[in-house]
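Go by the hints and put chains S and Z onto chain U.
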Amino acid sequence: MMDLKGKDVLSTSGFVRDDVEGIMGVAAKFLPVAKKEQTSDVLAGKVLAALFYEPSTRTRLSFETAMIRLGGRVITVVGVDSSSLSKGETLADTGKIIANYADVIAMRHSQKGSVGEVAAAADVPVINGGDGTGEHPTQALLDVFTILQEKQKVDGLTVALVGDLLNGRTVHSLSYLLSLFKVNLILVSPEKLKMPSYVTDMLKSRNVAFAETESLEEALKNAQVVYSTRVQKERFDDAAEYEKYKHYYILTRELIEKYNKDLTVMHPLPRVGEISEDVDDLPGAAYFRQARNGVAVRMALLAMVLGKA
Amino acid sequence: MMDLKGKDVLSTSGFVRDDVEGIMGVAAKFLPVAKKEQTSDVLAGKVLAALFYEPSTRTRLSFETAMIRLGGRVITVVGVDSSSLSKGETLADTGKIIANYADVIAMRHSQKGSVGEVAAAADVPVINGGDGTGEHPTQALLDVFTILQEKQKVDGLTVALVGDLLNGRTVHSLSYLLSLFKVNLILVSPEKLKMPSYVTDMLKSRNVAFAETESLEEALKNAQVVYSTRVQKERFDDAAEYEKYKHYYILTRELIEKYNKDLTVMHPLPRVGEISEDVDDLPGAAYFRQARNGVAVRMALLAMVLGKA
Amino acid sequence: MMDLKGKDVLSTSGFVRDDVEGIMGVAAKFLPVAKKEQTSDVLAGKVLAALFYEPSTRTRLSFETAMIRLGGRVITVVGVDSSSLSKGETLADTGKIIANYADVIAMRHSQKGSVGEVAAAADVPVINGGDGTGEHPTQALLDVFTILQEKQKVDGLTVALVGDLLNGRTVHSLSYLLSLFKVNLILVSPEKLKMPSYVTDMLKSRNVAFAETESLEEALKNAQVVYSTRVQKERFDDAAEYEKYKHYYILTRELIEKYNKDLTVMHPLPRVGEISEDVDDLPGAAYFRQARNGVAVRMALLAMVLGKA
Chain U
1 MMDLKGKDVL STSGFVRDDV EGIMGVAAKF LPVAKKEQTS DVLAGKVLAA
51 LFYEPSTRTR LSFETAMIRL GGRVITVVGV DSSSLSKGET LADTGKIIAN
101 YADVIAMRHS QKGSVGEVAA AADVPVINGG DGTGEHPTQA LLDVFTILQE
151 KQKVDGLTVA LVGDLLNGRT VHSLSYLLSL FKVNLILVSP EKLKMPSYVT
201 DMLKSRNVAF AETESLEEAL KNAQVVYSTR VQKERFDDAA EYEKYKHYYI
251 LTRELIEKYN KDLTVMHPLP RVGEISEDVD DLPGAAYFRQ ARNGVAVRMA
301 LLAMVLGKA
Chain S
1001 MMDLKGKDVL STSGFVRDDV EGIMGVAAKF LPVAKKEQTS DVLAGKVLAA
1051 LFYEPSTRTR LSFETAMIRL GGRVITVVGV DSSSLSKGET LADTGKIIAN
1101 YADVIAMRHS QKGSVGEVAA AADVPVINGG DGTGEHPTQA LLDVFTILQE
1151 KQKVDGLTVA LVGDLLNGRT VHSLSYLLSL FKVNLILVSP EKLKMPSYVT
1201 DMLKSRNVAF AETESLEEAL KNAQVVYSTR VQKERFDDAA EYEKYKHYYI
1251 LTRELIEKYN KDLTVMHPLP RVGEISEDVD DLPGAAYFRQ ARNGVAVRMA
1301 LLAMVLGKA
Chain Z
2001 MMDLKGKDVL STSGFVRDDV EGIMGVAAKF LPVAKKEQTS DVLAGKVLAA
2051 LFYEPSTRTR LSFETAMIRL GGRVITVVGV DSSSLSKGET LADTGKIIAN
2101 YADVIAMRHS QKGSVGEVAA AADVPVINGG DGTGEHPTQA LLDVFTILQE
2151 KQKVDGLTVA LVGDLLNGRT VHSLSYLLSL FKVNLILVSP EKLKMPSYVT
2201 DMLKSRNVAF AETESLEEAL KNAQVVYSTR VQKERFDDAA EYEKYKHYYI
2251 LTRELIEKYN KDLTVMHPLP RVGEISEDVD DLPGAAYFRQ ARNGVAVRMA
2301 LLAMVLGKA
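Residue numbers (my numbering), protein chains in the order written: chain U, 1 to 309; chain S, 1001 to 1309; chain Z, 2001 to 2309.
Isolated chain U (complex conformation) (with noise of 0.2 angstroms):
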């Protein structure tokens, strides 16, 4: 397994199956200290700057409570104010004066490579929190967790990626990750939503099992997971398109329970109609598990790049 201490962590895209491992590994160390049921100091000195500069309170607030919770600091940028950082100075500056303040940042960004652009010219890791259309590891990386915690397995499982394949950053890490498994996927999407080429060639050259449909009952009677997502209203330029499209496929209960008991459902949040809220007392209802789940992800990355997972 890899050795992230001093590394960033920009991309799923360089890891193999024993670094994906062995960050479970350790996630699974910390998810009692994510459960509240145990403390840490593991990080007690240790400063995290949290910039921002695109707002995603979910995400910030997961990585604030990591790094709060292994006894460590956090300094903050939200927003708007981020942009006061620059007043026209480049990113790799700002990446140079932050490292001065903080052992490690994690950084969102509404530009594709600007977090990139941070890590290359700070000296100590970064760990990308969503650099726009670019990549988002820690979510792919909590949901492989959470399919774990829920099956205790990867290896073996259907899983059914359903909704937005197209604009859905999420599921095409998530794809990525579980192409180093041994697993079948049912890729569920209306035709223009379907996944895109570069996926499924990538799935292709990996000979990952995969079908594409555009019925949720087929993935219903035949997947253990089925992950829904959210449609990308902001990626529709047509709002009647986007009112076509944003409830196509609706989970509901009466589904659940007609195909599939034992359904694990997850859905990186916020959703907005896409699992119907009495699907939520099922105990296969992981989604608000998996928000926990990202906490211990989180609490995992810091401490490996930190150097004292």
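No wet-lab data here; the hints were simulated from the structure.
For every residue, glycine included, the Cβ atom is placed at its ideal position computed from N, Cα and C.
Treat the hints with care, as some may be off.
[As the list claims (entries may be wrong)] In the DSSO-like style, the derived pairs of lysine-lysine whose C-alpha atoms are separated by at most 30 angstroms in a straight line are:
| hint | chain 1 | residue 1 | chain 2 | residue 2 |
| --- | --- | --- | --- | --- |
| 1 | S | LYS1233 | Z | LYS2096 |
| 2 | U | LYS36 | S | LYS1029 |
| 3 | Z | LYS2308 | S | LYS1029 |
| 4 | U | LYS153 | S | LYS1096 |
| 5 | Z | LYS2244 | S | LYS1244 |
| 6 | Z | LYS2036 | U | LYS87 |
| 7 | S | LYS1261 | Z | LYS2112 |
| 8 | Z | LYS2096 | S | LYS1029 |
| 9 | U | LYS87 | Z | LYS2244 |
| 10 | Z | LYS2096 | U | LYS5 |
| 11 | Z | LYS2036 | U | LYS36 |
| 12 | Z | LYS2194 | S | LYS1194 |
| 13 | S | LYS1035 | Z | LYS2308 |
| 14 | Z | LYS2087 | S | LYS1246 |
| 15 | S | LYS1036 | Z | LYS2308 |
| 16 | S | LYS1246 | Z | LYS2096 |
| 17 | S | LYS1258 | Z | LYS2096 |
| 18 | U | LYS192 | S | LYS1087 |
| 19 | U | LYS246 | S | LYS1087 |
| 20 | U | LYS7 | Z | LYS2036 |
| 21 | S | LYS1036 | Z | LYS2036 |
| 22 | Z | LYS2246 | U | LYS5 |
| 23 | U | LYS36 | S | LYS1087 |
| 24 | U | LYS29 | S | LYS1005 |
| 25 | S | LYS1035 | Z | LYS2096 |
| 26 | Z | LYS2194 | U | LYS87 |
| 27 | S | LYS1035 | U | LYS35 |
| 28 | S | LYS1036 | Z | LYS2096 |
| 29 | U | LYS36 | S | LYS1308 |
| 30 | Z | LYS2112 | U | LYS87 |
[Stated by the list, open to error] Using C-beta positions, here's what the derived DEER-type ranges look like:
| hint | chain 1 | residue 1 | chain 2 | residue 2 | range |
| --- | --- | --- | --- | --- | --- |
| 31 | U | ASP278 | Z | ASP2280 | 55 to 65 angstroms |
| 32 | U | GLU277 | S | GLN1111 | 16 to 26 angstroms |
| 33 | U | TYR242 | S | GLN1111 | 21 to 31 angstroms |
| 34 | S | PRO1032 | Z | GLY2006 | 13 to 23 angstroms |
| 35 | U | TYR242 | S | PRO1032 | 51 to 61 angstroms |
| 36 | U | GLN111 | Z | ALA2120 | 23 to 33 angstroms |
| 37 | U | MET202 | Z | GLY2273 | 16 to 26 angstroms |
| 38 | S | GLN1111 | Z | SER2110 | 26 to 36 angstroms |
| 39 | U | SER197 | Z | SER2110 | 44 to 54 angstroms |
| 40 | Z | GLY2006 | S | ALA1211 | 43 to 53 angstroms |
Chains S and Z only, in chain U's frame:
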């Protein structure tokens, strides 16, 4: 006394006298920490999420100070930023997610009932930091605590509430809490800004002696405590109407020295002219001590709902 | 040396040489903590309020980092949010309230004198983080500290200040602090952006040797330290005028290698082209180390005003 461990604090309306006295007792115990005379680690390892959809810097800093002076840590969401929490999701979903990060939530929101929605969904305690025209229980509690600190009792006092009694949420909640004690109230306001009947009906039903008047002098002659409030500009549609009332009552040093040198003067702050600055040096000017008492009361509530009081 | 315990730090203008050397000595003691080589808990239990009415992310993060790396904790108010602090209240009232929460205040505000108003009212120490066209004492102190770190002395050096000397608050305060030492100054600017006479008069009255010139080469030939500054776009009414001056002086690797390979290059940052990137790798490029030195100097001031140095 009610055990607050694991409970939400959404409203003062369910409190009985024992509850209030119990909270006051814990707040008194924490007061030396709030006054910076002692330190405490009673909430070490605990995380407060301060969710301020509506910015209210004073209340937010008071909660955060309470948490960190007891050894706890804070994650914060403020103002516009918090809109990104939702992206269309329900407050219930937000509550469930934040409950995976934090041990306790303090929340302010412009919409009545919103804090209750989060509390119903979150499986951690939620403390209401103000929900629009709804409740603001910590303010009312710190007001009673301030009276106790200044006068060593509540029973037997005559308390005058002065100013915009129609729109001031603060004086409504305070009226209820004072009704649990043996007080006389003098309600001083312009005719147009009288205390709403739902409050005066409550006072009658609870046999609280009260008088309504337009005369500040009458209050100064008879009360031991004057609680002055700001006219709520934001509730007036007509700017001229606001101008007419904003300085309807101005409490000056001259008035206080003429009528009652021992008068305790309170104000929820910010003041915008209702109390002249020459009052600040009088021994009875309690409004800045109120701010410090607010930290002690919030310490008490945080510790109690977390089972650490 | 002046005892700073309980004192405000509003300006450098009252400092004598002993004061500056005293602060430099404490900063040097804390430098290994700022450099992350050591940890400290000297400010455990203390709370800093960072009140940044005017967003200045760099300065804010530097103060916050200084506080938390000494074991202290921080409450923060940034930008638009801070408007809600006032709702029309005076800065004096704000100061009195915040003093009930925090042990020390670091404040930045666009209005000259504003920080002094808060300091006069608050009964905790207030450190000026920049008040508009007023003062920014921590910047000037960290500049002197950087010269000391880079050259092991100040006496006997020739220091060139380059760029917009008219509008650069930084170079005005730095000129005063350098006048406490035995330095030669070279003031390099376009005719239109010359050092104001109140500064040159001060230098004359204090018998500081200085020359004014338009020539960067003259500075490079004679100085051991060049302090480059950004042309302050926000001070130009005429965009064309700004364009004319913004890159009037560009310090390149070629120039430095031609005239003085041992030159120490400083800049308050952000830079927007005044120093070309190929300078960054030169051993004398001190501008990113300046950022780290800022943390050490702010650690010194925080510890000193809190009586913990």
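Hint check:
no., hint, verdict
1, S:LYS1233 with Z:LYS2096, "23 angstroms, holds"
2, U:LYS36 with S:LYS1029, "27 angstroms, holds"
3, Z:LYS2308 with S:LYS1029, "27 angstroms, holds"
4, U:LYS153 with S:LYS1096, "26 angstroms, holds"
5, Z:LYS2244 with S:LYS1244, "53 angstroms, violated"
6, Z:LYS2036 with U:LYS87, "27 angstroms, holds"
7, S:LYS1261 with Z:LYS2112, "38 angstroms, violated"
8, Z:LYS2096 with S:LYS1029, "23 angstroms, holds"
9, U:LYS87 with Z:LYS2244, "19 angstroms, holds"
10, Z:LYS2096 with U:LYS5, "46 angstroms, violated"
11, Z:LYS2036 with U:LYS36, "29 angstroms, holds"
12, Z:LYS2194 with S:LYS1194, "63 angstroms, violated"
13, S:LYS1035 with Z:LYS2308, "19 angstroms, holds"
14, Z:LYS2087 with S:LYS1246, "13 angstroms, holds"
15, S:LYS1036 with Z:LYS2308, "15 angstroms, holds"
16, S:LYS1246 with Z:LYS2096, "23 angstroms, holds"
17, S:LYS1258 with Z:LYS2096, "27 angstroms, holds"
18, U:LYS192 with S:LYS1087, "23 angstroms, holds"
19, U:LYS246 with S:LYS1087, "14 angstroms, holds"
20, U:LYS7 with Z:LYS2036, "18 angstroms, holds"
21, S:LYS1036 with Z:LYS2036, "29 angstroms, holds"
22, Z:LYS2246 with U:LYS5, "42 angstroms, violated"
23, U:LYS36 with S:LYS1087, "27 angstroms, holds"
24, U:LYS29 with S:LYS1005, "29 angstroms, holds"
25, S:LYS1035 with Z:LYS2096, "13 angstroms, holds"
26, Z:LYS2194 with U:LYS87, "23 angstroms, holds"
27, S:LYS1035 with U:LYS35, "33 angstroms, violated"
28, S:LYS1036 with Z:LYS2096, "15 angstroms, holds"
29, U:LYS36 with S:LYS1308, "15 angstroms, holds"
30, Z:LYS2112 with U:LYS87, "21 angstroms, holds"
31, U:ASP278 with Z:ASP2280: 55 to 65 angstroms, "59 angstroms, holds"
32, U:GLU277 with S:GLN1111: 16 to 26 angstroms, "20 angstroms, holds"
33, U:TYR242 with S:GLN1111: 21 to 31 angstroms, "26 angstroms, holds"
34, S:PRO1032 with Z:GLY2006: 13 to 23 angstroms, "20 angstroms, holds"
35, U:TYR242 with S:PRO1032: 51 to 61 angstroms, "58 angstroms, holds"
36, U:GLN111 with Z:ALA2120: 23 to 33 angstroms, "45 angstroms, violated"
37, U:MET202 with Z:GLY2273: 16 to 26 angstroms, "41 angstroms, violated"
38, S:GLN1111 with Z:SER2110: 26 to 36 angstroms, "33 angstroms, holds"
39, U:SER197 with Z:SER2110: 44 to 54 angstroms, "53 angstroms, holds"
40, Z:GLY2006 with S:ALA1211: 43 to 53 angstroms, "47 angstroms, holds"
Comparing the model with each numbered hint stated earlier shows that hints 5, 7, 10, 12, 22, 27, 36, 37 do not hold.
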